[in-house]
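Student: Listed in order, the protein sequences are those of chains A and B.
Heads up, the first sequence is in the working numbering, so the first residue is 1 and it goes up one at a time.
Heads up, the second sequence is in the working numbering, so the first residue is 1 and it goes up one at a time.
Rather than coming from a laboratory, the hints here were simulated on the basis of the structure.
Keep in mind that this is a model prediction, so the values were computed, not measured.
Heads up, a few of these hints could be off.
Since copy identity is lost for identical chains, a pair holds within one copy or between any two.
[Said to hold, decoys possible] When the alpha-carbon atoms are kept at most 25 Å apart in a straight line, the in silico SDA-like pairs for lysine to any residue are as follows: (1) K65 <-> L31; (2) K67 <-> V51; (3) K305 <-> E329; (4) K67 <-> H296; (5) K161 <-> R171; (6) K338 <-> D153; (7) K65 <-> R290; (8) K65 <-> S32; (9) K67 <-> E47; (10) K67 <-> D135.
One letter stands for each residue in the lines below.
Number of protein chains: 2
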Amino acid sequence: MMRSGLLVRSKFSSIVNEMRPSAIDITLKVLSDPEMISFGGGMPNPESFPVNEILQILNERFPTKGKNMLQYGPINGTESLRNAISEMLLKREGIKISPNNIILTSGSQQGLYMLGKLLADRGDYVITEAPTYVDAIVSFRASGIRMIGVEMDSAGMKTEKLRETLKRYPRPRFIYVIPNFQNPTGITMSLERRKEILEIVEEKGIALIEDDPYGNLRFCGRKIPPIKSLDESGDTIYLGTFSKILSPGLRLGYIAGPDDVIEKLLLEKEAIDIGSSTLSQFIAEEYISRGYLEKHIPKIIKLYKHKRDLMIESFESYFPDNVQFTRPEGGMFIWVTKKGTNTDKMLPFAINRKVVYVVGSAFYPNRGDHSSMRLNFTYSSDENIVEGVKRLASVFRDYS
Amino acid sequence: MMRSGLLVRSKFSSIVNEMRPSAIDITLKVLSDPEMISFGGGMPNPESFPVNEILQILNERFPTKGKNMLQYGPINGTESLRNAISEMLLKREGIKISPNNIILTSGSQQGLYMLGKLLADRGDYVITEAPTYVDAIVSFRASGIRMIGVEMDSAGMKTEKLRETLKRYPRPRFIYVIPNFQNPTGITMSLERRKEILEIVEEKGIALIEDDPYGNLRFCGRKIPPIKSLDESGDTIYLGTFSKILSPGLRLGYIAGPDDVIEKLLLEKEAIDIGSSTLSQFIAEEYISRGYLEKHIPKIIKLYKHKRDLMIESFESYFPDNVQFTRPEGGMFIWVTKKGTNTDKMLPFAINRKVVYVVGSAFYPNRGDHSSMRLNFTYSSDENIVEGVKRLASVFRDYS
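Required output: the full structure, derived from the provided sequences and hints.
Tutor: And the structure:
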């Protein structure tokens, strides 16, 4: 107990009491070692940040607009930024959405948290891909939500397996998918699967959350339209973010959804933080409206494509033959699997050789596969990508 | 139901389903009328924002540190800002707290939300002042928390009433107080009451949340130390914010508390938004470490003291004799009461005469008094303060 009282109950709420540090936290802890090469985090490369463009925006706008940039903004976000996002979604994604159906969030992480709280009561279950984004798991668990994972193949969530799962679990509160360059696998869901999932949720009356943080970062292959753009009902809830195409430090994401969802999210947003940073919103709005975004995305793609290529070439040069890996057409992550290996148990050996990954098991909402790991290719320098893969190759060879 | 399915349950979670727009939202809706004078919001005056200082910080630091300012930061906040806050709390408040016992939040609003979620399960009850901060009510309700209000007088929460309440409700999950220039009343809790509340929570083993958004804005009278500085156990949970001494648009607040509280808040923060704006944190840190904060606070105080004086002088000139009001020694709000009047019912008449306030009843966690209103004196221009009080005086006279 906290003070000298005699209460039996814990000081903390039952949900928070159950919360534990995630595998990501544990991975981050070893990073203070300067010799460590980390493929663990999910950080954009700082070289991808438009520092000069932002400084230009600030210098031109702050003297006259500074007072507005520093004041409280509307709970749902500034009108000018919601307008800019609405236009951007139409132009880049083929998504027709009114600015009134968009709400700004503090990163799409906050969007996930708010949607979990919005759609599910404690103890309710939802369906996700297996594996799925680790901090979606963290976020949904924070509302006491249970997750049922559905297996994936190289075309995304297996719709056949989804149908089977829905027989055993017929009333999920929502289905959560990351169709483009999925975190952690790098896999992109095929157009057929997107259409089929849309059919299933429409048929069964299930809410669908489409998380699209990496869609703008396609290095090769043909763009596949977001599920949201295929959904004429407008019910699909779409999550976007500025973290990968502008800056994660600004903490700006957004949710596009139907009227009633946005209306309730507004009430939640008031309760949670009254609104996201006004300064960040001004920067993002100018970044879009001045055309900087359109000019800058190709630069990020060029940088990341180079790093993905370099990592895959290094795999091919140094990894033993029995190590498999995905070949993502975009995004930030590659999924590496060595059958028969337990990557959880192997991690201390890797850390000992100064290379870090995130264990694959962290990404499974239920029991999961232990033979995989997630590697990030966007953050490390070129030298560290090659050297880190060499180290990891030696760990794969020596550990058994 | 959302789609064509046949589910009986609502689309939304039961907690969110119960959420309703607050009185503040309703007040904000009339502000698009340019002739409206609003004493309703809780906004700082834009003249109080250190626009030049921030532009200087950005110009000097962004070219070299921009990449860091735009990257993800630590979940609990940057070390340099937590160090700066730790020093500031010691120097300004006499609070001894390690930087490791501080976590950054997106405004103190998020701190309130996180603490509600941390300390109470759905259906649990807590104790607050009556009246209390409206968005604390919104925030706690978002976690399904019930509130029991304890009456105040000119020295703050009545400790005698608190003891009585604790006989009927012996196991509150926490007690929430705003000792300095309370929102909405402007009342400051006496040193004796602070000590007594501390004794009570120590004796009964109840968590104490001290919210101090306005403490730096004292216009006159002697500073009274925060409860946190009197608490040798270190258990008091203290909330601070940069919204009133720097900028609300940066969305930066912090919680200072004991180890186990901070450890759990870190897990919550990861689930909710992974961290607050790194850019905002860099600005706040430089603002403190360069001494701008110390130089700037007296300017804000001078501006607000003038506005408080002007509002009170206008009350004395124009209000009917039977209208009572508090005389706050700092902060942003005055509490105005006319016995026998229902300010909820009077509001449409005030809006008709182009002046807006927040109805007093909005600030009561349970049934409350309807004869009061909250007036903000920091946001309006001097002309509007005088004119708005004149209009309100005419409403008081004509409405009955």
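Student: My question is about K67 and E47: at a cut-off of 25 Å on alpha-carbon distance, are they close within one copy, between copies, both, or neither?
Tutor: Between. Shortest inter-copy distance 8 Å satisfies the 25 Å Cα cut-off; intra-copy 30 Å does not.
Student: One pair to classify: K67 and H296, alpha carbons no more than 25 Å apart. Within, between, both, or neither?
Tutor: Classified as between: cross-chain Cα gap 15 Å, same-chain 28 Å, threshold 25 Å.
Student: At most 25 Å between CA atoms: does that hold for K161 and R171 within a copy, between copies, both, or neither?
Tutor: Result: close within a single copy only, 16 Å intra versus 48 Å inter.
Student: For the identical chains here, do K65 and L31 meet the 25 Å Cα criterion within one copy, between copies, both, or neither?
Tutor: Intra 39 Å, inter 20 Å, cutoff 25 Å: inter-copy only.
Student: Could you figure out if K338 and D153 sit no more than 25 Å apart (CA to CA) within one copy, between two copies, both or neither?
Tutor: within (16 Å within a copy, 69 Å between copies)
Student: Measure nothing new, just compare the shortest in-copy and cross-copy C-alpha distances for K305 and E329 to 25 Å and report within, between, both or neither.
Tutor: Cα proximity of K305 and E329: one copy only (9 Å, versus 60 Å across).
Student: At most 25 Å between CA atoms: does that hold for K65 and S32 within a copy, between copies, both, or neither?
Tutor: between (39 Å within a copy, 19 Å between copies)
Student: Using 25 Å as the alpha-carbon threshold, which applies to K65 and R290: within, between, both, or neither?
Tutor: both (16 Å within a copy, 24 Å between copies)
Student: Tell me, please, which holds for K67 and V51 at an alpha-carbon limit of 25 Å: within, between, both or neither?
Tutor: both (22 Å within a copy, 7 Å between copies)
Student: Between copies, within a copy, both or neither: which fits K67 and D135 at Cα up to 25 Å?
Tutor: between (35 Å within a copy, 24 Å between copies)
Against the hints set out earlier in the document, no violation occurs for any number.
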